[in-house]
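No gaps in the numbering here: position 719 of the sequence shown is 769 in the numbering used here, and each next residue is one more.
Any given hint could turn out to be false.
[Stated by the list, open to error] Computed Cβ-Cβ distance ranges for the label pairs, DEER-style:
id: 1; residue 1: Glu72; residue 2: Lys310; range: 14 to 24 Å
id: 2; residue 1: Lys464; residue 2: Pro496; range: 36 to 46 Å
id: 3; residue 1: Glu529; residue 2: Asp260; range: 48 to 58 Å
id: 4; residue 1: Lys537; residue 2: Gly592; range: 51 to 61 Å
id: 5; residue 1: Asp410; residue 2: Ser808; range: 44 to 54 Å
id: 6; residue 1: Lys593; residue 2: Thr531; range: 19 to 29 Å
id: 7; residue 1: Glu529; residue 2: Glu433; range: 33 to 43 Å
id: 8; residue 1: Gly424; residue 2: Ala325; range: 37 to 47 Å
id: 9; residue 1: Val677; residue 2: Asn809; range: 34 to 44 Å
id: 10; residue 1: Ala135; residue 2: Asn569; range: 26 to 36 Å
[Said to hold, decoys possible] Straight-line distance between alpha carbons at most 20 Å, and here's what the computed SDA-like set of lysine to any residue pairs gives:
id: 11; residue 1: Lys393; residue 2: Ser128
id: 12; residue 1: Lys676; residue 2: Lys798
id: 13; residue 1: Lys159; residue 2: Lys470
id: 14; residue 1: Lys470; residue 2: Gly424
id: 15; residue 1: Lys310; residue 2: Thr812
id: 16; residue 1: Lys700; residue 2: Ala816
id: 17; residue 1: Lys464; residue 2: Gly637
Because the hints were derived from the structure by calculation, they are not lab data. Backbone N, C-alpha and C define an ideal beta-carbon position, used for all residues, glycine too.
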Amino acid sequence: MTSNTKANSDYILYKDASAPIEDRVDDLMKRMSLEDKVYQMCQYVGLEHMKEAEAKLTPEQLDKNDALGFYPGVRSDSVARLTEAGHIGSFLHVVTAEEANYLQRLAQKSPLQIPLLIGIDAIHGNGLVSGSTIYPSPISQAATFADDLVKEGSRQTALEMRASGMHWSFTPNIDVLRDPRWGRTGETYGEDPYLVGNMGIAAITGLQSDDYAGSDHVIACAKHLIAGSSSINGLNASPTDVSKRTLFEIFLPPWKRAVKEANVYSIMAAHNEVAGMPGHMDKFMMTELMRDRWGFEGFYVSDWNDVSRIDLWHHVAKDFKQAVEFSVDAGMDMNMHGPTFDKHVIALVKEGSLPMSRVDEACRKILTTKFKMGLFENPFVDEENVENVAFAKAHQQNALEQARRSIVLLKNDKNILPLKSSGKIFITGPNADNQTTLGDWVSPQPEENVVTMYEGIKEIGEANGYSVDYFDSGDRSKEITDENIDKAAQRASSADMTILVLGENSFRHDWPRKTTGENIDRATLKLSGNQLKLANKILDLGKPVIVVYVSGSPIAEPELEERASAVLNTWESGAFAGTATAEILFGKINPSGKLPLTIPRSVGQLQMVYNHKPTAYIHKYNTEKKVPLHRFGQGLSYTTFEMGAPSISKTSFSSKDDKIEVTVDVKNTGKMDGEEVVQVYVRDNISSFTRPVKELKGYKRVAIDAGASKKVTIELDADAFALYDRDYNYVIEEGDFTIMVGNSSDDKVLQEVNVTASNSITLEKAN
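With the hints as constraints, model all of the structure from the sequences given.
Structure, rendered in structure tokens:
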């Protein structure tokens, strides 16, 4: 920048791309009125989303339809005018590059020409956009125990988003799952804080890179703060009532790591209350803990209409204006929807109920994001380039690799799998030949971009000498008719074996058929509708039956699994679910997925988690076993692995900088190359507060050829041994710890070694 440029009367600092971002933000904010700053805190739903609904609903219906983001008197034409006037800072659910560019052109007509920040729920790929790469859902990703694959898939998702004009992904969901009845189980990374934290970091760093700067990255959004996955009845948005200690020990560790290790730049508050405090006005969580103690530097966004629900649902504010006051004062920076949010913030500041500093803080963080992403230089995208980026070959390959490693073999009686000889296979079930494998937060995708279960099994099966027959049992599990059950059984009777593709349906745009997903929670973990009746009719034939589950939530059908010859849990494994499943069935791929959650035998066992407290199972149930159907970390292989006794690099430690290396020899003792996940658990033997019987603190996926061995080393840092003391300082207490190594959380496969903290160590002090 030359002095002549600086002296030019037309020079505008905030438009100078060569100036430091902090200076540009300062300059722009000096030019902004209170109103201008508040407008940056306002997010609206995209115009095409509104127009689509306007074409289907009457004005009266639109005014009452909270789910579509409408308010009395607000329509697509008025939102366009607001954008042109600079009264909107952000949009969501903009699903084409054309619409993104149109909105940005409107924003460029505003007095300050501040570009828009466009967000979308790109949960596992940019799934709301047709033609995108659909990766396995988060619960599937967690089952891979492969952080690197998840990170790379997230990086690729960022590329596809930016090509379509989107800058902000409302993911990852780092809720720690404690109740699998919750319909959003498939959006989570499971029940373990350490695994959830690792997967969350992988997603965040993949999306954001180091600092989310430039045109190839987006900002991530950790959600939902906090504990919505543990509501009192398994229902979305219901109250959560957990202790402060449980929050710090179970739910908060992934959040702490997302902030301190991954530098996540946005956080979304939760629908629910915790111990009487709605998430959208929880000042302790948003400001005192996340910002002041753990150093969160990004901005907060509300969930869909949830600021208004402080009043409408929770009844702790007298009206929307007071709800806005409570939320913004607690730390909320951006409101997702609502034409009167801006008016209320402006009024509250002018009357002294909200400090101007709170608005300045929110506006500064949002503007900084836009500058760092280069939006002031070029808010537009090349509409013709989308097809060069979306569904790229490398992206497809990553999605396939994730699917291959996510599928969990739960049963393989008499080693029926992999299928070895030719014959006739019959396939049926509600999830056999449709896009339910894509999971939630996905729009219908081009048929040529998706391999269904039937398509994958037919292609690979026929290549292996099998004939493959298929019957459509009906894709609405609740409406599988007795007539179709009889027809399916008749077809199965002429086959050598049947592959039953059962499970649940969370496909977002398939509402009549959905049985799980956001706002569709489960009162039972059993198969919905007449699926079990279908299965039993075919099992009664006495021929081999392979059960393939497609579901983001666990299925608890112990009697069915007892009768089946083999059981595969494929979760929601994305666009190439059919390919990956068929490769495993026919032995092209050796299954290696591990359960990221515990599968109980029935809902009567809930809460059932592996990292329970010592007294959880002192007594027995009257009519049910006290062991789960399947344990956390479990997953079979077509080969066998043998682990030697673990060794550690030191038997005692005394500093927060000390590392403990855990080493174990792993041998593939079978006849097939395979991959194993070595898992390391820790138990605090004597503690000032009760601690779990075991906690996952390390893992490593390792590929080993048949007959070969590998030495595997996993490093444990101080966090592996720490707890929160009476004053919520984060400390390691003097004493003994047991380190356990194995290939699941089952005590029967874990080998132990002890280590001692020779003195107490403080890692972090409470404020």
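20 Å limit on alpha-carbon distance, applied to hinted pair Lys310 and Thr812: holds, 17 Å
Does the hinted range 33 to 43 Å hold for Glu529 and Glu433 at CB? holds, 42 Å
Is the hinted range of 36 to 46 Å satisfied by the C-beta distance from Lys464 to Pro496? Holds, at about 40 Å.
Given hint Gly424 paired with Lys470 - CA-CA distance at most 20 Å: violated, 56 Å
Holds or violated: are the alpha carbons of Lys464 and Gly637 at most 20 Å from each other? Holds, at about 15 Å.
Is 14 to 24 Å a correct range for the gap between the Cβ atoms of Glu72 and Lys310? Between Glu72 and Lys310, where Cβ atoms are some 22 Å apart, the hint holds.
Straight-line alpha-carbon gap Lys700 to Ala816, limit 20 Å: violated, 30 Å
Cβ-Cβ distance between Asp410 and Ser808: within 44 to 54 Å? holds, 49 Å
Pair hint outcome, Lys159 versus Lys470 [Cα-Cα no greater than 20 Å]: violated, 66 Å
With respect to the beta-carbon atoms only, verify the hint that Gly424 and Ala325 lie 37 to 47 Å apart. holds, 42 Å
Taking the beta carbons of Glu529 and Asp260, is their distance inside 48 to 58 Å? holds, 51 Å
For the pair Lys537 and Gly592, does the Cβ-Cβ distance stay inside 51 to 61 Å? violated, 19 Å
Violated hints for the displayed structure, listed by number in ascending order: 4, 13, 14, 16.
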